[in-house]
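Starting from two chains that each stand alone, build the complex the way the hints lay out.
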Amino acid sequence: MIEIPSRHKSTTLLAAVVIAQVLLLATQIKSERQVRLIRVWAVELISPIQRSGSWIIYNFAHGWGDYVSLRNTRKDNESLRSELDRLKVRNAELEGRALEADRLAAMLNFRRGHAEVPMTAARVIGGSPDSGSLVVNIDRGSRDGIRRDMGVITPDGVVGKVFAVYPDISQVLLLGDKDSGVGALLANTRTQGVVKGSGKPELTMDYVGNDSKVTPGEVVLTSGQDRIFPKDLPVATVIQATEDRKAPFMKIVLKPAAHLDRLEEVLVLLTRQDLDLKKEAETTPAAPPAAAKAPATAQ
Amino acid sequence: MESTDIYIGPEPHIEVHKYYGGVVPAAVVLALVVQAFFPVRAGWSHYLELPLLVTLYFALSKRNPSSGLMLGMVIGLLQDSLSRTPLGLYGIAKTLVGFVASSIGARLDVEHPIARFILTIGFYLFHHAVFALTSRLLLAQQGEAYLSLPILIASVVNAGIAMALFPLLDKFRKPS
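One line per chain: the protein sequences are A and B, in this order. Using the working numbering, the letters of the first sequence map in sequence onto residues 20 to 318. Using the working numbering, the letters of the second sequence map in sequence onto residues 467 to 642.
Extracted from the complex, chain B is given alone in its bound form (with noise of 0.2 Å):
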C-alpha cells in the first residue's frame, strides 16, 4: 500500500537555510548586548536596529512563517526586557517582522545585495511603523511619528549595516 506524506513547508524550490547550532542564540544575543552598549556611548546609535536585522536576516533565510514570527516574538520581548519599553512593545513589531519576511522570504530568492538592501529599508520602515501604530493606539503615547527625516536616513543607515551583517552570518550556514 502506498503511504501518503504529508509536507509542511515553504515551497520546494526555495532553498531553507539551516545553521549550525548556537548561531541563532549567540547572533540574537550578541545583537542585543550591542544595541545595548552602543547608544551609551554614541547618542545616535539608537537609530541602530540590530535586533531587527537580525530578526529579518533569519526570518529571510529559514522562510518559515512560523519561526520566523516565533523568532521575532523571542527577540521583541528580549529587547523590551533590556529596555524601558512596555513588554510587548517590540516584542509586537518583531513578530510581525518576523512573519512577514519569513512570507516573503518563501516566495522570493532574498539573497542578492539589492534585494537585501532594499528588503531593509521597507522593513525597517514598517517596523518603525507598527512600533508607533502600537504606542498610539494601545499605550496612548503620541510621541512616535510614523515617518520622518531621521527615520528614513536610518532606515538606509541599517540598510548599509545589513549589507555587512548578512553576508557575515551568511558564513554560519550549514552546508547544502
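One chain only, chain A, in its complex shape (with noise of 0.2 Å):
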C-alpha cells in the first residue's frame, strides 16, 4: 500500500475555491463609481498591458519618427551648412566686386580728369616668383599697345614702369625694388631729387642736401626729369629725414603714396604728357555705376 499524502490536491483545491470566492465577491460589489467590481478588477489588470502597449507603440513611432526626422534634421543641418559656406564664398566675392568697382570708379574719375592723357587700365595678374624683387604682371601686352618704359600709376600714386613685355602680358617693376628710381621732387620747396626702392616697404629719397629744409608728412611728387612719369603724380610721402653728417646728402625715408602691396589694378601710360594737378583736383568725386569686367583701354 503506498500513502501519498494529499496536499498538493488539497493546495490546489484551496486555490480555486478562494479563487471562485474572490470572482464571487467581484461581480457582488459596485466601486464608488457604481461599476461592478469584477469590471474594475478586469479594467485594472488589463489597463497596465494596455498602457505598456500604447507607450511602446507610442514611442516607437515617434522614435522613429523622430530618428528619421533626426536624419532629415542632419540632412538639412549640412545642407544649411554647404548654402552657408557658399553664400559666405559668394558675399566675400561681392564684397570683393564692390571693393574693385570703387577702384574702378576711381580710376574712371581719374581717367576723366585727365582725359587728354592716353593710357589703359591692366589687371594685375600675378607676381614674380623671386622674392628679392618686387614685380607685377599685368594683364596687357605689346597688343595693347604696351611698350617698355611706360609708366604704372594708380590714382592714388606712382606704382612702377613696365620692364618687359611680352605679347598679352607685361612684367612692371614696382617703386619699391632696390632697383627702381623715380625723379622727384618735394611738394613744398620743389627740391628736386630721387625716390629710390630698397625692397622693403619704405622708399628712400636721395640727392636732397643737407641744408634743405624737409619736414615729416610732406608730399613727394614726380619731377617729370625721367621722362617716363609726367610732372606732379604724388609718388611718397616724407616719413624721416634726417641729416648725414657723413655725407653732403639727407637720409629721407619715404611712405609710398600707392598700395604696392595691394596692387589689383593699375594704368598704364601709353604716352608721356604732362599733368596739370589742378584739374585733378576739380574733378568730381561722384563714382560711376561699377563695371563687372575688366576695364576699358582709353586711346
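Rather than coming from a laboratory, the hints here were simulated on the basis of the structure. Here a beta-carbon is modelled for each residue, glycine too, at the ideal position from N, C-alpha and C. Check the hints yourself; a few may be wrong.
To be verified - In silico lysine-lysine, DSS-like type, Cα no more than 30 Å apart, as pairs:
(1) A:K250 <-> A:K219
(2) A:K274 <-> A:K232
(3) B:K484 <-> A:K28
(4) A:K94 <-> A:K107
(5) B:K640 <-> A:K28
To be verified - To be clear about the criterion: a stretch of chain B counts as covered by chain A if any three or more of its residues have a C-beta under 8 Å from a C-beta of chain A, and this derived list gives those stretches:
(6) 531-540
(7) 559-571
As the list claims (entries may be wrong) - Simulated restraints, written as ranges between beta carbons of each label pair:
(8) B:A492 <-> A:H27: 29 to 35 Å
(9) A:Y86 <-> B:L613: 55 to 61 Å
(10) B:L615 <-> A:H27: 36 to 42 Å
(11) A:G82 <-> B:L615: 57 to 63 Å
(12) A:A34 <-> B:I584: 25 to 31 Å
(13) B:L634 <-> A:Q69: 53 to 59 Å
As C-alpha cells, this is what we get:
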C-alpha cells in the first residue's frame, strides 16, 4: 500500500475555492463609480498592459519619426551649412567686386580728369616668384600697345614702370624694388631728388642736400625729369628726414603713396605728357556705376 | 499478483474522527442561527464567532485539508448569505481557516484543552486578519483593523467558549 499525502491536491483545491470566492465577491461589489468590481478588476488588470503597449507603440512610432526627423534634420543642417559656406564665399566675392567697383570708379574718375593723357587700365594677374624683386604681371601686352619703360600708376600714386613686354602680358617693376627709381621733388620746397626703392616697404629719397628743409608728412611728387612719368604725380610721403654728417645729402625715408602691396588694377601711361594737378583737384568725386568686367582701354 | 492500493489521506498514526450523520450540518446551522440571534439581543456578541468555532472544530477533527477547506467555504458563504457582507468575504476567511486547521490537525494531536485553547485564539486572530485583509484589498474598505485590544479580548472569549463547545461536540463522535 502506497500512502500519498494529499497536500498538492488540497492546495490546488484551496486555490480554486479562494479564487472562486474572490470572483464571487467581484461580481457583487459595485465600486463607488457604480461599476461592478469585477469590471474594475478586469480593467485594472488589462490597463497596465494596454498602457505599456501604447507606450511602446507611441515611443517606437515617435522614436522612429524622431530618428527620421533627426536624420532629415542632419541633412538639412548639412545642406544649410553648405549653403552658408557658399553664401559666405559669394558674399566675399561680392564684397571684393564692390571694392573693385570703387577702385574702378576712382580710376575712371582719374581718367576722366586726365582725358588728354592716353592710358590703359590693366589688372594685376600675378607676381614674380623671385622674392628679391618686386615685380607684378599685368594682363596687357604689346598687342594692347604696351611698350617698355611706360609708367604705371594708380589714382593714389606712382606704382612703377614696365620693364618687360610680351604679347599678352607685361611685367612691371614696382617702385619699392631696389633697382627702381623715379625723378621726384618735394612739394613744398620743390627740391628735386630721386626716389629709390630698397626692397623694403619704405622708399628713400636721395640727393637732397643737408641744408634743405624737409618736414615729415611732406608730399613727394614726380619731377618729370625721367621722361617716364608726367610731372606732379604723387609718389610718396616723407616719414623721416635726418641729416647725414658723413655725406652731403639727407637721409629721407618715404612711405609710398600707392599701395604697392595691394595692387589689383593699375593704369599704364601710353605716352608721356605733363599732368596738371589743378585739373585733378577739380575732377568730381562721384563714382560711376560699378563695372563687373575688366576696365576698357582708353585711346 | 500483489495488488497495490493507493491510500490518500492523513498520516496513519493520527486518528481521524467520524461523526454521526447530520451532526455536521446541524452544528453549522445552529451556529449560524445563534450567531444571527445573539447580536440582536446583546450588542457585544458581534465578536462572537460560533461559525468559526464550528469550522475550527471539525477541521481539526477530520484532519483532511480538502474537507476542511470545503467545510469552511460552505460555512463562510452561509454566514455571508445571512449577513450584509458580500458573498465570499467570510467564505475566503473560513476557507483558509479550514485548510490550515486541517493541515495542523493532520500532523498534531489537538485533543488537549490547552492546545485547543491556544489554537482557538490563534485561529480567531488569523480569521480576523484575513477578513480585514480581504476587505482592504478586494473591497477597498479600510474600516477593519488587523489587530486591536477588543479583538484580542474577543479571541480569548471565543477560546473560552470553545473550551465548552468542543467537548460538547466530542460527544457526537462515532466510537472508533
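Take the C-alpha atoms of K94 of chain A and K107 of chain A, compute the straight-line distance between them, and say whether it is at most 30 Å.
Since the Cα atoms of K94 of chain A and K107 of chain A sit roughly 20 Å apart, the hinted pair holds (cutoff 30 Å).
Outcome, coverage of the region 559-571 of chain B by chain A - at least 3 residues whose beta-carbon is closer than 8 Å to one in that chain
The restraint on the region 559-571 of chain B holds, since 5 of its residues have a Cβ under 8 Å from chain A and three suffice.
Note whether the CB distance of G82 of chain A and L615 of chain B lies within 57 to 63 Å or breaks it.
The hint (57 to 63 Å, Cβ to Cβ) holds, given that G82 of chain A and L615 of chain B are roughly 58 Å apart.
Quick one, are K274 of chain A and K232 of chain A close enough, alpha carbons at most 30 Å?
Holds. K274 of chain A to K232 of chain A sits at ~18 Å (cutoff 30 Å).
Range hint 29 to 35 Å: satisfied by the CB atoms of A492 of chain B and H27 of chain A?
holds (33 Å)
Counting residues of the region 531-540 of chain B that have a beta-carbon nearer than 8 Å to any beta-carbon of chain A, does the count reach 3?
It holds: at least three residues are needed, and the region 531-540 of chain B offers 5 whose Cβ sits within less than 8 Å of chain A.
Between A34 of chain A and I584 of chain B, is the Cβ distance one that fits in 25 to 31 Å?
holds (28 Å)
Is K484 of chain B close enough to K28 of chain A, meaning Cα to Cα at most 30 Å?
holds (22 Å)
Taking the beta carbons of L634 of chain B and Q69 of chain A, is their distance inside 53 to 59 Å?
holds (57 Å)
Y86 of chain A and L613 of chain B, beta-carbon distance inside 55 to 61 Å?
holds (57 Å)
Holds or violated: K640 of chain B and K28 of chain A, Cα atoms, limit 30 Å.
Holds, because 27 Å separates the two Cα atoms, which is no more than 30 Å.
Hint check: K250 of chain A vs K219 of chain A, CA-CA at most 30 Å. Holds or violated?
holds (25 Å)
The structure is consistent with each of the numbered hints, conforming to all of them.
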